[in-house]
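Visitor: Residue numbers (the working numbering), protein chains in the order written: chain A, 1 to 394; chain B, 1001 to 1378.
Careful, some of the hints might be misleading.
Straight-line Cα separation of at most 20 angstroms, EDC-like style, residue types lysine to aspartate or glutamate; simulated pairs [claimed, not checked]: (1) A:K289 with B:D1370; (2) A:K312 with B:E1007; (3) A:K186 with A:D155; (4) A:K386 with B:E1275; (5) A:K386 with B:E1306; (6) A:K80 with B:E1306; (7) B:K1264 with A:E390; (8) A:K271 with B:E1275.
Honestly, the hints are just simulated from the structure, not real lab data.
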Amino acid sequence: MSENLEAFRSEIRAWLEANCPAEMREPMKSEDDTYWGGRKAVFKSEAQKAWFEACRDKGYTVPDWPKAYGGAGLSAAETKVLREEMARINARSPLSSFGIWMLGPALLQFGTEDQKVHYLNQIARGEIRWCQGYSEPGSGSDLVSLQTFGEDKGDHWVVNGQKIWTSYADKADWIFCLVRTDKTNKYQGITFMLFDMESPGVSTKPILLISGNSPFCETFFDNVKVPKDQFVGTVNRGWDVAKYLLGHEREMISAGGAGADMVSAGALYAKSLGKNANGELDDPILRAKMAEFDVDVFAFRAMGERFMDMWKTGRAHPASSNMMKYSGTELNKRRYELVMSGSGSEGLEWESDESRNGASARTWLRTKANSIEGGTSEVMLNVISKRILELPGG
Amino acid sequence: MPLYHSEDQAMLKDSVAPFIADAAPVSHLRKLRDSKDETGFSRDLWKQFAEMGFSGVLVPEDKGGLGLGHAEAGIILEEIGRNLTPSPFLATSVAAASALKAAGGAVADEWLPRIAAGDAIIAPAIDESARHRPERTALKAERSGNGFKLSGTKTFVISGHVADMLLVAARTAGAPGETDGLTLFAVPRDAAGLTADPRRLVDSSLASKLTLDGVEVTADAVIGEVDGGWSAMAPLLAAARAGASAELLGVGQGAMDMTMTYLKQRKQFGQLIGEFQALQHRAAHLYSEMEIARATVMKAQQLLDEGNEGAELMVSVAKAKAGAATNLAVREGVQMHGGIGMTDEYDIGLYTKRDRALAEFMGDVSYHTDRVARLNGY
Ligand SMILES: Cc1cc2nc3c(=O)[nH]c(=O)nc-3n(C[C@H](O)[C@H](O)[C@H](O)COP(=O)(O)OP(=O)(O)OC[C@H]3O[C@@H](n4cnc5c(N)ncnc54)[C@H](O)[C@@H]3O)c2cc1C
Ligand SMILES: Cc1cc2nc3c(=O)[nH]c(=O)nc-3n(C[C@H](O)[C@H](O)[C@H](O)COP(=O)(O)OP(=O)(O)OC[C@H]3O[C@@H](n4cnc5c(N)ncnc54)[C@H](O)[C@@H]3O)c2cc1C
Chain A
1 MSENLEAFRS EIRAWLEANC PAEMREPMKS EDDTYWGGRK AVFKSEAQKA
51 WFEACRDKGY TVPDWPKAYG GAGLSAAETK VLREEMARIN ARSPLSSFGI
101 WMLGPALLQF GTEDQKVHYL NQIARGEIRW CQGYSEPGSG SDLVSLQTFG
151 EDKGDHWVVN GQKIWTSYAD KADWIFCLVR TDKTNKYQGI TFMLFDMESP
201 GVSTKPILLI SGNSPFCETF FDNVKVPKDQ FVGTVNRGWD VAKYLLGHER
251 EMISAGGAGA DMVSAGALYA KSLGKNANGE LDDPILRAKM AEFDVDVFAF
301 RAMGERFMDM WKTGRAHPAS SNMMKYSGTE LNKRRYELVM SGSGSEGLEW
351 ESDESRNGAS ARTWLRTKAN SIEGGTSEVM LNVISKRILE LPGG
Chain B
1001 MPLYHSEDQA MLKDSVAPFI ADAAPVSHLR KLRDSKDETG FSRDLWKQFA
1051 EMGFSGVLVP EDKGGLGLGH AEAGIILEEI GRNLTPSPFL ATSVAAASAL
1101 KAAGGAVADE WLPRIAAGDA IIAPAIDESA RHRPERTALK AERSGNGFKL
1151 SGTKTFVISG HVADMLLVAA RTAGAPGETD GLTLFAVPRD AAGLTADPRR
1201 LVDSSLASKL TLDGVEVTAD AVIGEVDGGW SAMAPLLAAA RAGASAELLG
1251 VGQGAMDMTM TYLKQRKQFG QLIGEFQALQ HRAAHLYSEM EIARATVMKA
1301 QQLLDEGNEG AELMVSVAKA KAGAATNLAV REGVQMHGGI GMTDEYDIGL
1351 YTKRDRALAE FMGDVSYHTD RVARLNGY
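Same shape as in the complex, but just chain A (with noise of 0.2 angstroms):
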């Protein structure tokens, strides 16, 4: 086992060797170097779209899905290996999808064969890019609470209603949407939909965040048809998908934050703070800061390796990605304080070459939604001390 897993492992090396070009491991400049995918793509250079293919060819967008479906069909310990030896060499990710991250784990779930095949190959191969309907202005934690109304019309629902916060809701080609169905029973009266963002009565408004950035939306749907086969689950019962749904959605966003950047806070600093006599940084309120920092780093790297091991065994308790989400943004939104400390003026910059147009300044305050996105830290601790550690109450 452990054999074949080294000579899989130089496999993987030589293959990365001929096929990640140089470009693409190098950590990247804003967030536009990101590859979405999708019907309106385009490839800012040759070598994203070399590496984009050359890992879609392999089915390594989506490793360890099943072959039948775009992926790999790598093993749990073979995908580690992968991801390891891409880590190792700084390879950027080759695909960036909502489809992959959320919509996939569930499809695999709760997906009929037919749409595994026909949904899945397509977030494999980066054709489709998806977005998030969940919340509304009126339902943000408390997201069972949602109104926008499937009226059932036979062979079609008629839905109307309106989201907020949809992440690159006017980028998407495909949205998946909860829908409340039956407006007697507040949990099982909602459906797990998916339809076409062009479907007629559609439409998306932008939202400017505090980062200058807007790519959120509130989307508006006005008497939109869906046919009936859209639906992944069982219509009424979305809530048991959207809720196994967002555990991935957890897992994704903890690990973006802890996996992220691994080079010590304040190595990375050592240049602009300046050391002293002794070779420390020196500002030492600072440095103590930042190595404290580093501690938590490192461990929580050690946990989400762990909670990886565990949740890819099932051997993770289901409500751990709570406490990943929790722990993992936290993490991220002090990092980027502490970036904000340690580039000093710099770091102020909005507008200059030097600066990647504020990409730090900018980043710096989207970290600020990692504790609100995908379910506030507040609400992973409620999940946390009622599901693992059985607290009593509501």
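Following the hints, complete the assembly by docking chain B with the ligands onto the known chain A.
Guide: Frame of chain A; chain B with the ligands shown alone:
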């Protein structure tokens, strides 16, 4: 290797946990404490540890041990921590065994089988000041005939007064602050000129101040190389630190479990206090920190067992993180128990005391946090 217990490790845990919980629960500590026991632990229990194979967990099989690793030692240590069991296990079976194993030679051949058989208590004598600063070792060892003469003092030597042998870090060259020029000696406790002055600590364990007044040892007492003692001390320190982290984890887990149980029993304002969100959120935060600390400890043990070069960093991360998480567990423990948590009769206070002692052993949270910074070049 995946970061969870293998089947064999889970089986070991299944035999260790009930054994320790039964033979040495917290009441065992209370009994030793209340009778002002002068050994500080039960020799009978130590014999049983040997019979179960625990004391030789890190000792190679050809020396009578189980030949297992730090991960398995950690399983035993966690249960010791959870039950607040007074035991020479960490000092003898983990710290000393690791140094002897790394150095090899005649001393190792003599003492490793005795560790496994439960016939020997060995106490590392490293620190000389109130803060853990191993490289600042100043205790002098001068050549004398074909042996050495040791003079100086040591402090915080756990089980120093009852040890059969002490592993004494001494300076044979160089200046305090340097890791070169150190030598590790095996010194029998009954050596002429050596006195151990035991002090009862806050957690009711006993640690000694040691005075060496021209203690003569032969060249055979050198563990590893003369002036190159750091290569035997480094594995000792790594093992002791990773081990202390595992024991701390057990202490924190024990305190947290007690507290969660209390939150589900105690009623105030007509409801269980565990229903108050103010407490639930803190409990959930504590749980998260403990889980992260656990992953860190397991990772450090795995890296040590693999001989991975990243082990040193992860050991310091583990000691810092387990230290911080367990400290949170005992602080929240007392607070959430309300007034009763302040009473001697309730165990949570004992957890608080053991946390403090273990936190200090082999470097506290700030020492290891600083070390993480240094290892990262700042
Ligand atoms: C960057 C970003 C991207 C997002 N992307 C999407 C997306 O693509 N699709 C989508 O559907 N949604 C998306 N969201 C929405 C996100 O899921 C919601 O913002 C989130 O669930 C919180 O809801 P809310 O904003 O209405 O806050 P509220 O629920 O109004 O919460 C306000 C405050 O009250 C606290 N609170 C609420 N309930 C409790 C409670 N029971 N106990 C204790 N405290 C409580 C919260 O923790 C928070 O601090 C995104 C959000 C962000 C920030
Ligand atoms: C050293 C000491 C001296 C004392 N001296 C005196 C004295 O002289 N005279 C006297 O009458 N009393 C005295 N007390 C008792 C003291 O007033 C009580 O211990 C205190 O009021 C807390 O009550 P409790 O111990 O029953 O804790 P509990 O009320 O059982 O509380 C347990 C935990 O639950 C929390 N909790 C309880 N209710 C809520 C809530 N609604 N929301 C959130 N959290 C909650 C508490 O904060 C605590 O963390 C003394 C206590 C101590 C420790």
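Visitor: Indicate, hint by hint, whether the structure satisfies it.
Guide: So, going through the hints one by one against the coordinates:
1. A:K289 with B:D1370: With a Cα-Cα distance of about 10 angstroms, the restraint between K289 (chain A) and D1370 (chain B) holds, given a limit of 20 angstroms.
2. A:K312 with B:E1007: Judged against 20 angstroms, a Cα distance of about 17 angstroms means the pair holds.
3. A:K186 with A:D155: violated, 24 angstroms
4. A:K386 with B:E1275: holds, 9 angstroms
5. A:K386 with B:E1306: violated, 38 angstroms
6. A:K80 with B:E1306: holds, 18 angstroms
7. B:K1264 with A:E390: holds, 9 angstroms
8. A:K271 with B:E1275: violated, 49 angstroms
This entry does not satisfy hints 3, 5 and 8, going by the numbered hints stated previously.
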